[in-house]
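Q: Read off the chains here:
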Amino acid sequence: MTVEAPDAPDDLRVTRVAGTGVAVRGDDVDTDQIIPARFLKSTTWEGLDEYAFYDNRRDDDGEITGDHPFDRPEHQGASVLVVNENFGCGSSREHAPRALRRWGVEAIVGESFAEIFADNCKSLGMVAAEAAPGVVAELQDLVEDDPEAGLEVDVAEERAVYGGNEVDVHIDEAMREALIQGVWDTTTLMRDALDETREVARDLPYVEEVE
Amino acid sequence: MSDRTLYDKVWERHRVRELPNGQDQLFIGTHLIHEVTSPQPFAELRERGINVAFPERNVATTDHIIPTDPETRDDRPLADDSAEQMLSALEQNTEEAGITFYGLNSDRQGIAHVMGPDVGATQPGTTIVCGDSHTATHGAFGAVAFGIGTSQVRDVLASGCVAADKSDVRRVEVTGELPDGTVAKDVILRIIGDLGVDGGVGYAYEYGGPTIARMAMEGRMAVCNMSIEGGARVGYINPDETTYEYLRGREFVPEGQEFDERKTYWESVGSDDDAVYDDVVEVDVDGLAPMVTWGTTPGQVAPVDEPVPAPADLPADEREAAAAAQDHTQVTPGEPIAGHPIDVAFIGTCTNGRASDFRQAAAVVEDREVADDVRALAVPGSTTVKRTLEEEGVDRVFRDAGWEWREAGCSMCLAMNDDALRGDERCASSSNRNYVGRQGSKDGRTFLMSPAMVAAAAVEGAVADVREFDTGGALR
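If you're matching them up, the sequences are chains A and B in order. Using this note's numbering, the first residue of the first sequence is number 1, and each one after it goes up by one. Using this note's numbering, the first residue of the second sequence is number 1, and each one after it goes up by one.
Be a bit skeptical, because a hint or two may be false.
Mimicking DSBU-like on lysine-lysine, the simulated pairs with C-alpha atoms at most 35 Å apart in a straight line are [unchecked claim]:
no., chain 1, residue 1, chain 2, residue 2
1, A, K41, B, K442
2, B, K166, A, K41
3, B, K166, B, K263
Label pairs and their computed distance ranges (CB to CB) [said to hold, decoys possible]:
no., chain 1, residue 1, chain 2, residue 2, range
4, A, A132, B, E320, 11 to 21 Å
5, B, R319, A, L12, 38 to 48 Å
6, A, R16, B, D305, 47 to 57 Å
7, A, T44, B, P307, 41 to 51 Å
8, A, T44, B, T72, 20 to 30 Å
9, B, I50, A, S42, 17 to 27 Å
One-sided excerpt, in silico: chain A residues whose CB lies under 10 Å from chain B [unchecked claim]:
no., residue
10, D60
11, S91
12, E115
13, D119
14, L124
15, M175
16, D185
17, D203
18, L204
19, V207
20, E209
By construction, these hints were calculated from the structure, which means they are not laboratory data. Glycine residues also receive a C-beta, built at the ideal position from the N, C-alpha and C atoms.
Let the hints inform the model, and build the full structure from the sequences given.
A: Given below as structure tokens:
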């Protein structure tokens with residue numbers, strides 16, 4: 001069976017992200033780079049914005065060098081992050097997309113994403129859009145050469161728009177529909193099916209005692 | 001589209017319905033909980049006024065942040081305030097929800113992916129999730145097991161389900177006889193080296209073939225454990241007699257006639273002979289040598305006795321990353337990594353923290369002292385593993401050779417406790433990730449290898465070839 005989409009409030013629907021961009025270059029950027037494990041020692045989500053790319057932004061004395069794109073004055077306020085291949089690989093820590101989100105990132109355009117990272121973006125209503133290597137290279141050059149340039153990711157139309165150009169991006173169908181319909185928070189949605197879930201559980205030989 | 005594989009069968013049996021965005025709502029048979037990715041979900045459930053839907057389908061333990069130093073292990077509150085808060089939160093949350101919790105002083109405490117198999121909670125034909133990327137470990141038993149994010153932990157607690165997309169299935173057929181001195185860890189490092197760190201994105205890996213069929217459960221777990229380092233969220237092995245016999249007699253496994261009935265189910269979930277795969281690759285391990293990483297991803301790996309590749313000799317799109325990695329690790333391209341000095345030796349983790357890992361390493365450790373200036377840590381993956389080894393006297397072998405014999409936990413794999421590299425220390429490690437900063441120091445350097453290879457490195461004070469050590473046939 002398929003369930004009908006509930007009427008999500010409009011503020012949960014994510015159809016486009018528009019703003020300026022920031023580029024972080026390199027393949028296989030792992031979530032330990034995005035947020036080192038020592039900053040996961042908290043029972044809340046507070047303070048995460050300070051920790052995005054924490055070690056990469058600092059010198060041996062722990063001082064911010066100012067060289068990292070996240071510290072460049074021209075990229076403050078950027079909302080579209082442009083990255084390369086297999087971004088977010090490694091640890092499943094949801095702290096990674098949350099740290100980026102709290103810094104200001106609302107959409108990521110990249111050559112490819114690690115699966116758990118992309119799933120975590122979806123859970124947060126954050127866009128992870130794939131683009132061809134040539135498109136990514138062009139976008140990275142654009143945001144570095146002209147940081148003021150507007151960059152828009154249109155979720156429904158699966159395209160990025162910048163400087164009068166339009167290029168195709170790909171957003172995984174499940175993510176796209178979740179964002180457009182505003183159903184990326186699945187907790188209540190799935191809990192609504194507790195009866196069906198119990199039926200499935202009862203049919204499993206290894207599950208004993210389902211209420 | 002794959003058909004009649006274990007993955008297809010297990011998925012179908014656990015599928016509740018299709019969600020509005022086209023994903024499946026999938027019932028989760030076993031949810032493993034630890035202290036790092038659970039405080040926020042429990043707090044959010046409380047805020048929403050929702051209780052835990054299936055408390056009996058959850059098992060919790062503590063592993064990431066706890067001290068492994070036997071001197072301070074039992075001190076409460078923990079010396080680290082934030083670690084104490086996380087542990088206290090889990091104690092309180094599990095008690096309120098009525099969830100089984102193997103806490104700090106429990107005989108069953110351990111790294112979630114060691115504890116689950118220890119107690120037999122990990123079984124064929126089940127779905128298993130945990131807020132930890134190494135959850136694929138449990139696939140070694142023929143479970144569909146994968147890591148999830150914290151919001152998905154909230155989903156599972158609230159609904160007993162996750163929203164998920166089915167992956168494609170790639171059969172990884174492993175053939176050939178494992179040479180002396182090589183183990184499962186070398187096999188998975190070789191697979192990742194061949195297929196790439198993102199080669200498995202979009203796939204569930206089904207490992208099979210004669211080499212896997214001969215492998216004991218603990219080796220199979222090491223293989224499945226590192227699926228995620230190859231980009232695959234799920235890795236599994238069809239269950240067989242080795243699997244069933246391993247499970248027999250464990251706490252969560254039924255006995256007598258019920259065991260036979262359960263086994264009938266387990267036997268039914270394996271991939272059919274005529275199963276259809278989306279992709280098949282073959283990996284021949286004949287002539288395999290012990291593998292060691294030379295870079296900062298698990299795919300930057302080479303046999304211990306072969307030259308580390310020069311960036312210029314690699315495909316164009318790998319050169320820049322390889323040069324940066326070698327600048328960090330300071331290995332010499334064109335020369336074998338054997339002989340590269342190390343400062344720390346670390347055996348443990350959800351990859352290689354099981355009893356057989358320590359037994360294999362002990363064959364090298366025995367009567368060979370740790371080199372001067374090398375810090376050597378042996379950290380059993382669970383309290384069960386630790387006690388087993390102590391009953392066998394394996395701990396004495398390590399202690400007598402100058403190793404620190406510690407309490408169970410994740411320890412120096414990711415250094416969320418005090419077990420961390422300092423400065424630019426170089427570590428021979430049986431763990432799974434050599435990312436920059438992974439072991440707690442941004443300048444620290446990690447060299448991944450098998451436990452026996454770590455032991456050899458501890459003796460030499462440098463990366464060494466375990467095949468050159470007389471181990472009385474223990475590494476055959």
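Q: Look at each hint and say if it fits the structure.
A: Structure-based check of each hint:
no.	hint	result
1	A:K41 - B:K442	holds, 17 Å
2	B:K166 - A:K41	holds, 32 Å
3	B:K166 - B:K263	holds, 26 Å
4	A:A132 - B:E320: 11 to 21 Å	holds, 19 Å
5	B:R319 - A:L12: 38 to 48 Å	holds, 44 Å
6	A:R16 - B:D305: 47 to 57 Å	holds, 55 Å
7	A:T44 - B:P307: 41 to 51 Å	holds, 49 Å
8	A:T44 - B:T72: 20 to 30 Å	holds, 26 Å
9	B:I50 - A:S42: 17 to 27 Å	holds, 22 Å
10	D60	holds, 8 Å
11	S91	holds, 5 Å
12	E115	holds, 5 Å
13	D119	holds, 6 Å
14	L124	holds, 7 Å
15	M175	holds, 8 Å
16	D185	holds, 7 Å
17	D203	holds, 7 Å
18	L204	holds, 6 Å
19	V207	holds, 6 Å
20	E209	holds, 7 Å
In this structure, none of the earlier numbered hints is contradicted; all agree with it.
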